[in-house]
Amino acid sequence: MHELSIVASILDTVTESLAAYKSARVVEVRLRVGALAGVVVDSLEFCWGIATEGTALEGARLAVTTLPVVMRCEKCGRDVELEGVQSFRCPNCGEPCGELRQGRELEIDSIEIEDGEEAG
Amino acid sequence: MTTRIVELRRGILKKNDELAAGLRASYAAAGLLVLNLVSSPGTGKTALLERTLRELRARGARAAALVGDLETDNDARRLASSGAPVRQINTHGICHLDAEMIGRHLDGWNLGDLDYLFIENVGNLVCPSSYDLGEKIRVVLLSVTEGEDKPLKYPTMFNSADAAVITKMDIAGPCGFDRELALRNINEIRPGIRIFETSAKTGAGMEEWLAYLVEERKVRGH
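For the record, the sequence lines run as chains A and B.
Residue numbers are given in the working numbering: position 30 of the first sequence equals residue 30, and the series is strictly consecutive.
So the working numbering is basically just the index in the second sequence, starting at one, shifted up by 120.
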């Protein structure tokens with residue numbers, strides 16, 4: 001259960017970024033989370049509600065886009081999307097996949113703010 | 121009322137990743153091979169490490185360990201009996217080690233005096249997978265008592281590992297351990313990963329494991 005620490009990092013980053021905008025209210029925080037990021041989205045959302053209470057981010061929505069695993073298949077010569085995380089073989093040819101191209105992301109993509117003016 | 125989108129595009133664990141990158145650079149500059157050992161509680165990380173430290177030291181190699189637990193310094197005391205420098209990291213409730221804790225506990229050690237550093241993570245197959253500690257090799261351990269489907273249940277951790285060690289092979293028989301199935305499952309999640317089958321108690325498989333460490337240090341330590 002490290003989702004609370006992750007939420008704390010999100011709060012830090014968003015709060016830092018807000019310093020550049022006068023009197024902005026955050027409407028939504030958008031995340032990109034890979035299927036192999038090791039984070040449970042339900043748990044993130046649960047922690048989000050608790051951690052934002054009484055802060056400038058209270059009431060802000062958390063929008064999570066989950067990204068499937070994409071790996072390089074050398075045999076097929078292209079990147080392939082895996083259906084899940086129970087097998088790391090190419091869904092087309094069945095060969096073990098090579099390099100991981102997508103799936104470990106744990107990022108804040110953007111924030112939606114209201115009434116914010118860029119400072120100075 | 122106007123709203124706008126501000127692009128941030130920032131890694132949530134960026135601070136940890138930056139600290140880990142700094143650690144990785146200092147390990148490389150010192151010619152030190154660093155391994156991060158991860159598993160469930162009770163798999164035998166400490167037992168494997170105890171024997172590994174002893175045998176490496178017997179061969180003249182300089183090995184040290186950092187060991188993470190929520191509470192107690194029992195493991196550090198156990199490992200220190202090998203004669204190797206060992207430090208305990210107590211996380212007081214935190215379920216994983218992070219790069220900041222590693223950096224802080226390396227303070228005062230001259231990395232150039234070491235050949236190997238083993239980091240024994242907190243026993244947990246979930247959270248430690250997200251935290252880079254600057255290691256070159258992440259080793260995931262699986263014991264014969266745990267069930268052959270562990271890799272399928274915890275794919276995030278097994279997929280992020282560079283090597284796997286099956287521990288407690290001396291009791292594989294009585295446990296009804298299906299070796300073929302375990303190997304197949306590990307390979308399904310991390311195809312082609314190097315797998316060692318060991319018993320820290322009898323020493324079975326230790327030669328191959330130690331040879332791997334020596335080889336990896338030659339290839340990757342510098």
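Treat the hints as calculated values from the structure; they're not laboratory data.
Glycine is no exception: its CB is placed at the ideal position from the N, C-alpha and C atoms.
Hints should not be assumed to be uniformly reliable.
Simulated restraints on C-beta separations [as the list claims (entries may be wrong)]:
(1) B/L272 / A/A8: 43 to 51 Å
(2) B/V334 / A/T15: 32 to 40 Å
(3) A/C76 / B/G213: 53 to 61 Å
(4) A/V64 / B/G151: 50 to 58 Å
(5) B/L303 / A/L4: 16 to 24 Å
(6) A/E53 / B/A149: 19 to 27 Å
(7) A/E58 / B/L272: 38 to 46 Å
(8) A/L4 / B/G203: 36 to 44 Å
(9) B/E138 / A/C76: 29 to 37 Å
(10) A/R61 / B/G151: 47 to 55 Å
(11) A/K75 / B/R224: 40 to 48 Å
(12) A/R78 / B/R304: 23 to 31 Å
(13) A/Q86 / B/D227: 38 to 46 Å
Just so you have them, the derived chain B footprint on chain A, three or more residues with Cβ under 8 Å [said to hold, decoys possible]:
(14) 2-12
(15) 16-28
(16) 31-45
(17) 48-57
(18) 70-77
Do A/C76 and B/G213 keep their Cβ atoms within the hinted range of 53 to 61 Å? 46 Å, violated
When I compare C-beta atoms, does the stretch 16-28 of chain A have three or more residues closer than 8 Å to chain B? holds (count 3)
Is 23 to 31 Å a correct range for the gap between the Cβ atoms of A/R78 and B/R304? For B/R304 against A/R78, whose Cβ atoms are near 26 Å apart, the range 23 to 31 Å holds.
Quick one: see if chain B covers the stretch 2-12 of chain A, three-plus residues with Cβ-Cβ under 8 Å. It holds: at least three residues are needed, and the stretch 2-12 of chain A offers 5 whose Cβ sits within less than 8 Å of chain B.
Should the hint that B/V334 and A/T15 are 32 to 40 Å apart at their CB atoms be regarded as holding? 48 Å, violated
Are there at least three residues in the stretch 48-57 of chain A whose beta carbon sits under 8 Å from a beta carbon of chain B? The restraint on the stretch 48-57 of chain A is violated, since only 0 of its residues have a Cβ under 8 Å from chain B and three are required.
Taking a Cβ-Cβ distance under 8 Å as contact, does the stretch 70-77 of chain A have three or more residues in contact with chain B? Result for this restraint: violated, n = 0.
Please check whether the stretch 31-45 of chain A has three or more residues whose CB lies within less than 8 Å of a CB on chain B. Per the Cβ count (5), the hint holds.
Using the Cβ atoms, figure out if A/V64 sits within 50 to 58 Å of B/G151. Hint violated: Cβ distance 42 Å, outside 50 to 58 Å.
For the pair B/L272 and A/A8, does the Cβ-Cβ distance stay inside 43 to 51 Å? For A/A8 against B/L272, whose Cβ atoms are near 31 Å apart, the range 43 to 51 Å is violated.
Distance restraint hint 29 to 37 Å, applied to the beta-carbon atoms of B/E138 and A/C76: 35 Å, holds
Does the Cβ distance between A/E58 and B/L272 fall inside 38 to 46 Å? 40 Å, holds
Against the hints set out earlier in the document, violations occur for numbers 1, 2, 3, 4, 5, 6, 17, 18.
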